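Spelled out, the chains give:
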Amino acid sequence: MIALINWLETRTGVKALMHEAFNERVPGGARWRYVWGSTLVFTFVLQMITGFMLWSAYSPSTRTAWESVYHIQHEMFLGNIIRGLHHYAAQGMVVLMAIHLIQVIIDGAYKAPREVNFWLGIVLMMIVLGLSLTGYLLPWDQKGYYATQVTTNIMCATPVVGREVQVLAQGGSDYGHLTLTRFFAMHAGILPTLLVGFLVLHIYVFRRHGLTVHDPKRAPDTTFWPDQVLKDSVACLAVLAVVLLLAMFRAPELSAPADPAVKFDAARPEWYFLFLFRFLKFHAVESLGVTFGAIIVPGIIMGIIAAMPITAKVLGNFGHTLNRAFIWALALGVVVLTLMAFYEDANNAEHQAALTEAHRDGQRAIELSIGPDKIPVEGAVTLLREDPFTHGPRLFAQHCSSCHRFNGHDGRGSLVTEAGKTDEAPSVIAAPTAADLGGFGNRQWMTAIVMDYSNHFAWMKNSTWFRDAQAKNAAGGTVDYINPDSSEMADWTSGNLDALQSAENADNVKALVEFLAAETGHAGTTYDAALVEKGRDLAIKGSWAGALNGTSCASCHDTIGQDFPTQPDDSTASSYPTLAKYASLAWLKDFIRHPDAARHYGAKNQMVVYSPQKLSDKNLDLLVRWLTHDYTPSTVPDYANQLDVLNAALAPSSSVAVEAAPKK
Amino acid sequence: MTSTSPEIPTAGSVDPPISVETPRRSLLVQLITGMLSFLIIAVPSTLSGLFFLDPILRKRKAASDDTADGEVPRKDEAGFVRLDVTKEAVPQDGTPLSVTVIDDHVDAWNMFRDVPVGSIWLRKVGDGPILAFNSICPHLGCSVDYIREENEFYCPCHASAFALDGKKMNDIPPRDLDVLEVSMRTHGQQDANGHEIWVKFQNFQRATSDKIVI
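Heads up: the protein sequence lines correspond to chains D and B, in order. Add 2 to a position in the first sequence, counting from 1, and you land on the number used in our numbering. Add 801 to a position in the second sequence, counting from 1, and you land on the number used in our numbering.
Quick caveat, the hints were computed from the structure, so don't treat them as lab data. Worth double-checking, as some hints may not be accurate.
To be verified - Coverage of chain B stretches by chain D, computed from C-beta distances (three or more under 8 Å per stretch; other residues unrestricted):
(1) 837-846
(2) 853-861
(3) 904-911
Remember, predicted model here, so these are calculated numbers, not experimental data. For glycine and all other residues, C-beta sits at the position ideal for the given N, C-alpha and C.
Using the sequences and the hints, build the whole thing.
Take a look at the structure:
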């Protein structure tokens, strides 16, 4: 062994090199406060190792970037750990860099003769920030896509050359394949190479001047190896443990595949850029323009930091005090702005709803990709574009939620609000003016129709048309309108309530409900075939017990039990709504297109007619399939039921009319 | 430009003596330090190494097919794939026919539906059974051509030659052409007189004398 080392030594000088590397003097003894630089080098090495691995499985194009990252994280062996390490170590690097910078300034390690090394450090910091910025886009998910859009648009605000800088970064006038190839080349090739180069210079110059030691008499001098290396490696081990634990127990998020056509209201930069994000939102800053807030101010701050060695030289000790005060003030500002951003987001219901939707979409995209059909060649983005579970809620919020609600919310989890009574008054929760479609067509829905008709449709009584009609009729008019309290159906329900609730008919009601629910054909529920048949008899023949016997649904709704016609027309329509496959996909599609048709509720129905000009066939299909559960089943947690919140908000003390909320 | 600043001495210019520790403690510290330094690099490297071995370590999940209800699937559970040509298309005189095999293809995260997955040679002598060969040369994986003048299969890469029954004609290839199982069917059901040609399309390891399915 020794012979081998000697052999190598005479030919390469390896021993002298090792001696040089490890026997650096540490005046005043090894200290914990010297570890930060080493942890940064370690984190960079960690990023190289995990980065090369990710590179071996990453594919930069708009049709494969999200897909390959999904594949890494959810299919490949230890892929979630490798991506997690890379994800969290990147953030760790920014934190460690901030600590390193603050320490260098506090300790005056930037002063002569170390100015050049200080500047080298600032260059390194810029490179690391560039790495985190370029890396954020690479998964090509909604989060990275929209956050990076903001950054490249800020580039565009650079005076004189802005547009050119942006086009160069994007590889064209817009985002596409080339944006990814260019960002990837920057992230995995150009910037790391620069970083290695500057890091070598940084360490070389550092070695030339040695540690900045305040108190060389504190302890006897020692050498880098092993005393300081021990402390350094313990610190590195701590960093490793933190990022590894995070990677294991908090997998990095992969939000939905980037889709320029789908809004992403939850867009935020990575947390360590949040302070800048928050700074840009101040009205005073906003009014001065993006160039001022995002380019001039950060430029000035960086300029002040870079000029610190000169400040200290010119102003002496006062300059150093000034520099220390500045970095503390800056750190405080960053912390305060970051906390403000977090606090405001946490208390912003809209942002929270957007976040919920972002998580839901992301998990759904992953759930569909894991499926046996894998990902189509057109990319995972099409999985969501054609998914009722994803787009149904959005279409509901857009088209239906001005009157209807879905479990109390607008389909996307948010309560619907309207402006307060006066201009200054805060907005209030708006009362629904049509049925809540949360349980549309399920057993509870059918039970409510049979047993609790007036109450089930009570939301309608909040509408203007209902009140107008009531007022007109009270004044002696004859307006024909839908009145949940007074119609043949409402009268049948209320008139027969005792019989329906009687013990002898308990099983019959259950059977009828089972039949009605089964007729909807909604996926995801199994029905009791015998019960369904019994219910069919009840509906068509009216084989009830007691006084109800002989009253059948079919005596009014003559098409009940039949298939919904493919070409419905009203030539044979009775004056009663058709119940042929009521609440099924075909029925609902026809109802939305023709709510005023005689086969439904006729001209008195106030529901808006959704023509193909208003709601395309494709969107109608997505919406209706969502409402009838015709989609790949999902285990993604859905939006929370808001009915209780809605009911509480509309309670008697509130300004909204309440008689119109269904009773529990 | 050494030591221009009087208040901050640069290291390396002067060398006051360094405290000497007791050898035993120093050795222990060195050992622990060495182990820790090794550990912080070994952990991420090992994890990364295992990640890189993913193609060997991971079991692949089965993919679905997209056959519509009532339609005879293009592929059966035993792995036989229906060809686009029927018995009539194969020349009576024994001339081989090149056919592209269409199947679903899974590539990492993607599912490609009904795409060409390979090419085979079909051959029939008189009313005898239909033979199917994988057109990939068992030598090093180039594709084998049919040379009409010589009436043989020939690989242009390294001059492997095979007779029309697939037997190797020189010592370049390690084995005969790979014969594929053929099944004649009607509407997907076994039928010796059927016109549909179903082939169990497989690729085999190259450069070995044994026929090993990849």
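task: Examine the stretch 837-846 of chain B for residues whose CB is less than 8 Å from any CB of chain D, and state whether their number is three or more.
output: holds (count 8)
message: Can you tell me if the stretch 904-911 of chain B counts as covered by chain D, using C-beta to C-beta distances under 8 Å and a minimum of three residues?
response: As far as the stretch 904-911 of chain B goes, the hint holds, because 4 residues have Cβ atoms under 8 Å from chain D.
query: Mind checking, does the stretch 853-861 of chain B have 3 or more residues with a CB under 8 Å from chain D?
result: holds (count 5)
The structure agrees with every numbered hint stated previously.
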